[in-house]
Amino acid sequence: MLDNIGFILGTTLMYATPLIFAALGGVISENSGVVNIGLEGMMTLGALMGATVGYFTGNPWLALLCAGLAGGFLALLHAIASVTFGADQIVSGIAINFLGPGIALFLSRLFFEGATMTKSINLENKIPRPLGGVFPQNSFFDLVLNQYATVYISFLLVFVIWYMLYKTKIGLRIRAVGEHPKAADTLGINIYKIRYFSVILSGIFAGFGGAAMSIAVVSNFRPTLISGQGFIALAAMIFGKWKPQGAMWACLLFGAAQGFVIFLGGTAIAISSQLLAMLPYIITLVILISFVGKSVGPAASGDPYEKGER
Amino acid sequence: MNHIKVEEKAVEMKNITKVFGNFTANEDINLTVHKGEVHALLGENGAGKTTLMNILYGLYQPTIGEIMINGKTVIMADPNIAIQNGIGMVHQHFMLVEPFTVTENIILGKETTTSFGKLDIEEAVSHVQELSEKYGLYVDPYAKIQDITVGMQQRVEILKALYRGAEILILDEPTAVLTPQEIQDLIDIIRNLTKQGKCIIIITHKLKEIKQIADYCTIIRRGKQIDTVDVSVTTEEELANKMVGREVNFIVGKEERTKGEVVLEIDNLVIKDNRGINAVDGLSLKVHAGEILGIAGIDGNGQRELIEGIIGLRKIESGKICMIQKDITGRTPKEILESKISTIPEDRQKRGLVLDFSVEENMILENYYKEPFSRKGILNKNKINYFAKELIQKFDIRPEDETLKARALSGGNQQKVIIARELTNDPELLIAAQPTRGLDVGAIEYVHKSLVEQRDKNKAVLLISLELDEVMNVADRIAVIYEGKIVGIVEAKETNENALGLMMAGGGSGNEK
Amino acid sequence: MKNKKNSIKEMLGSGNFMITLVSIFLGILVGAIVLKIAGYSPLESYGVMLKGIFGKPKYILYTIIYATPLIMTGLSVAFAFKTGLFNIGAEGQFIIGALVATLVGYFVKLPMGIHVVVVFVAAITAAGLWGGIAGYLKAKFGVHEVIATIMLNWIALYLNNYVIMLEGFKRPNSEASYKIWDTATIGILEKWKYTAHGRVWLKVHPILQSIFKTPVNLGIICAIILAFVVWFILNRTTLGYELRSVGSNKYAAEYGGINVKKSMIVSMSIAGALAGAAGALQVMGVSKQVSILAAMEGYGFDGIAVALIGSNGAFGCVFSGLLFGALKYGGPKIQSAMGAPSEVVSIVMGTIVFFIAMPKFIRLLVSLVKRKEVK
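Protein chains in written order, with our numbering: chain A, 1 to 310; chain B, 1001 to 1513; chain C, 2001 to 2375.
Treat the hints as calculated values from the structure; they're not laboratory data.
Backbone N, C-alpha and C fix where the C-beta goes; we use that ideal spot for every residue, glycine too.
One thing to keep in mind: the hints can contain errors.
[Said to hold, decoys possible] Simulated restraints, written as ranges between beta carbons of each label pair:
1) C:Ile2114 - B:Pro1372: 52 to 58 Å
2) B:Glu1467 - C:Val2121: 54 to 60 Å
3) A:Phe56 - C:Ser2041: 22 to 28 Å
4) C:Arg2171 - A:Phe56: 39 to 45 Å
5) A:Lys167 - C:Met2018: 46 to 52 Å
6) A:Lys167 - B:Gln1146: 42 to 48 Å
7) C:Met2018 - B:Asn1458: 37 to 43 Å
8) C:Arg2371 - A:Glu124: 57 to 63 Å
[To be verified] Simulated crosslink set (SDA-like; lysine to any residue; CA at most 20 Å straight-line):
9) C:Lys2250 - B:Leu1313
10) A:Lys119 - C:Gly2339
11) C:Lys2170 - A:Gln274
12) A:Lys169 - B:Thr1113
13) B:Lys1110 - A:Thr168
14) C:Lys2140 - B:Lys1118
15) C:Lys2051 - C:Pro2206
16) C:Lys2360 - A:Tyr192
17) C:Lys2056 - C:Phe2228
18) C:Lys2328 - C:Lys2140
19) B:Lys1118 - A:Val160
20) B:Lys1381 - C:Phe2228
21) B:Lys1340 - B:Tyr1369
22) C:Lys2056 - C:Lys2333
Full structure from sequences and hints, please.
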């Protein structure tokens, strides 16, 4: 029994991790007033980049870094459109969701002889498990805590982003720009700079999220690897009321649903895994219905800011 | 008036011209303000006062012209440079981040930090408190903006400027949203500030305030500087004439007439505002046929909620509204429209028009589902077009093109489209909410004439305006609204500004008729 | 004071067509650059694509068959857009439409003709209700439709998989349902072409034979009729007037006595029905069955691009749907012919949408080009 709980908790953490990365990205971007519906595309490109660099260099950390840069590159496009050129942020995000998977598969075919699936990374070249071998194998603590380093990093980043947003100067400015850009502008804060910073950072995080799938949870990239995690991360961010710690809890919920699906798949219990997989989405809707109205996102989220607008 | 007269020039704006596209907002304006002086900028809505100050504050760059601060030329490329040069601006619409605390708003952009970029809130709070005491600007540094009064928010705005070491303070329409008591407090604060050698520029179109606090006044009309005068030797009438550019005819021509039956009867109405507070709080009122009933009051005393409640856009908590003896409480906007109530809404661009619809489409906004405009759900384009053309002729809407988008019309013509539409409904009650806001003098006269004509057809008119002059000149009777209640109703010709002003501030009362 | 802003908005309103054309051009250009960098000849690649689209009558028909569902999901998105709602949910509504069409097409037995109508009506009703959920959540609880429809997409996907897995519906040894009865299909002469007589006749008419090798069906006609219906509803009916006014300025609509909440629900329902029609016709005309989905098929997301490229107009959607269909059908041919990655198509589409998102940039670009020409 304890082992089962351990297994579920362990898979929950593992599957929540990519979501946490991406949701944190969403939190940063939206707090600065830019809706980032392109997280999905950024994750996809990050996943491909991580798997590719990981395969060719054998260095998981370099792979993770490159995945972040790839996500950041797409985010830069999003920022150019939505910050500099006042684009509709949702439309621009949708374009990113075409471009991300498009570029990812294109590159995959280039680097892997026309295949849309990258070659597997050797086990020892994946993201390491720092606590591997500390606990007896398959014991409760081993199942729960013996995780890929990305898992710990993601939780650490939740704290870092919380600290940044609520305790530092840059965070105060990011939130001010997201709430009332004009007020920030009149105080001499460079809105464009803050938004570029936030959006690019959000892409980097989404890229990390993609890599957390492709070089930790599994060991290669394939077309269906990122199918909806970016959107779930978006939901988690809203669910978590645009706060890092809130988004984290929401991601854990989604991760837990995944954990249960996998757990039940290995047992004889006759609950449809399809219905179970549906559950997180239904819960999200129910929660949106019950708490919406009391909590809204940053006031200026989604509004392009134009200097000197009259 | 405290003429300290330190003849030291704090601000000099020379030959300022600002062009937006093909629209000249400011044309060759010269403005000089000395230390310790209160300088008023007077002009009608849209005259270019705010543009001029946005240039001084670095939000816009002048097309031509030069700015000197303390005798040195400065290029105000952005607000940062203005702030560095000791300029602070309090915008008409406050630039405050609602979910932030008072202190967070004050320090934003000039934060004190400790290690790791951590905000040093304690340090900031003590600095804010120091400033509060020095200038008599009491605030709670830990309160959130969304929880404090408008007057308090204004103090935060002033503190924001002082925190940045402002020596030159620009106040854009500072009294528009204040109660008389708050206005008095503000005047005291301004005196405190000038005593310390700071100079203040006030943007306003209220003559009385200029007489009360300003030393000098620069009048701007349609982007041009008309004059700069010494306030102590100028009368309000002179200022008014310079502002509008001709003799101001304050009196609206209308015949005496006796009021008829009660058309609208409101009984003990309670309506909540967006924050859930009773904005209309036990209000009772009767409007008769053949009269214009004006509602006077300071902004935010429940006027907006009252109108929205009457026309069905806001939930009514309790009380009753009757239209010609028919209960319309809690009906849908459509049912209320059909009970012969028409409205000229307060915000014509938000409520009155679909700006991206053509003029003809806007003309049928309330009647699109009726014949002849449609039959069985299918629109009759020809009939709609014919109807629109007719109204454009009758109401002299320009340009004469019914296919033009409403967005492309001037404010006055947009208002005419609304008036045309509303009056063709042949309403028994016409509600006019701030019907002349932002319009030029010609359009204002047109609107007033339309209201009087409606009254002369023995219809009821309910006029809600924040401009006391307008209410006094147009209405037959004046009801004063204060904190969601009617605190007094007086005959327009039997009252004066002082009596009304007292009631608007919650003191005194008229006699309910 | 407002005049300046107004004129900018006016400019934005007009000249949509120019922006679309320039964006399409830029999309193709970016695709060419990407191909060049990857070491393939852009001219050859596009040549292969064009040949793959227009080379044979069969190809053209395939392009149309590919385009048909995209036109309708595009219409769905465009319709909601006119009411100011962003229907990301066409994907899920498509799934529901396809699923219900298959259920009714397999479990209900009706004579030819009637069966088609019943299947179609049932599918669009179900999908309309599905879309209506998002409208209802928005109207009643203020849940943003983008988020609600994203959630509903996934719920629809898993619902689809769940239903297919049910005993009696899942075709044994497959990942799909049973096929619908012939009475519920809309293929053109589908039976006849496999009869002895049909085979003989087609053999002597090679062009028609080539055409009839494709699952040629009535879907495109339905799509065009629906485009007309959408245009008519929006521009010629009081319902369309209501929906458009809510989309343009809901405050004014509310003031004019229009029920804003009802309009949102109606609009999303109609949008759902349109996407459901796409799903239903896809089943009735092409796939005849529904399969277990591992991931989204993308009909709904592609519909967003179609609507945006078609400037959210009904007939614009027909043309952009055909463009998109052509790229989706012709694109993969460069993979087989030259080994060039076919995903360049996604990059082209994404780029087009990306540029359409920022008309300001396009205007800047056009004005720069013009200035150069003057010099």
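Outcome of the hint check:
1. C:Ile2114 - B:Pro1372: 52 to 58 Å: Given range 52 to 58 Å: violated, Cβ gap about 40 Å.
2. B:Glu1467 - C:Val2121: 54 to 60 Å: About 59 Å separates the Cβ atoms of B:Glu1467 and C:Val2121, which means 54 to 60 Å holds.
3. A:Phe56 - C:Ser2041: 22 to 28 Å: holds, 27 Å
4. C:Arg2171 - A:Phe56: 39 to 45 Å: Holds - the Cβ-Cβ distance for C:Arg2171 and A:Phe56, about 43 Å, lies within 39 to 45 Å.
5. A:Lys167 - C:Met2018: 46 to 52 Å: Holds - the Cβ-Cβ distance for A:Lys167 and C:Met2018, about 49 Å, lies within 46 to 52 Å.
6. A:Lys167 - B:Gln1146: 42 to 48 Å: violated, 21 Å
7. C:Met2018 - B:Asn1458: 37 to 43 Å: violated, 55 Å
8. C:Arg2371 - A:Glu124: 57 to 63 Å: holds, 59 Å
9. C:Lys2250 - B:Leu1313: Holds, at about 12 Å.
10. A:Lys119 - C:Gly2339: At roughly 19 Å apart (the allowed maximum being 20 Å), C:Gly2339 and A:Lys119 satisfy the hint.
11. C:Lys2170 - A:Gln274: Status holds; Cα separation ~15 Å.
12. A:Lys169 - B:Thr1113: Distance of about 7 Å is within 20 Å: holds.
13. B:Lys1110 - A:Thr168: Judged against 20 Å, a Cα distance of about 12 Å means the pair holds.
14. C:Lys2140 - B:Lys1118: At roughly 42 Å apart (the allowed maximum being 20 Å), B:Lys1118 and C:Lys2140 break the hint.
15. C:Lys2051 - C:Pro2206: holds, 19 Å
16. C:Lys2360 - A:Tyr192: holds, 16 Å
17. C:Lys2056 - C:Phe2228: Violated. C:Lys2056 to C:Phe2228 sits at ~29 Å, over the 20 Å cutoff.
18. C:Lys2328 - C:Lys2140: violated, 39 Å
19. B:Lys1118 - A:Val160: At roughly 12 Å apart (the allowed maximum being 20 Å), A:Val160 and B:Lys1118 satisfy the hint.
20. B:Lys1381 - C:Phe2228: holds, 18 Å
21. B:Lys1340 - B:Tyr1369: holds, 16 Å
22. C:Lys2056 - C:Lys2333: Distance of about 14 Å is within 20 Å: holds.
Hints 1, 6, 7, 14, 17 and 18 from the earlier list are contradicted by this structure; the remaining hints agree with it.
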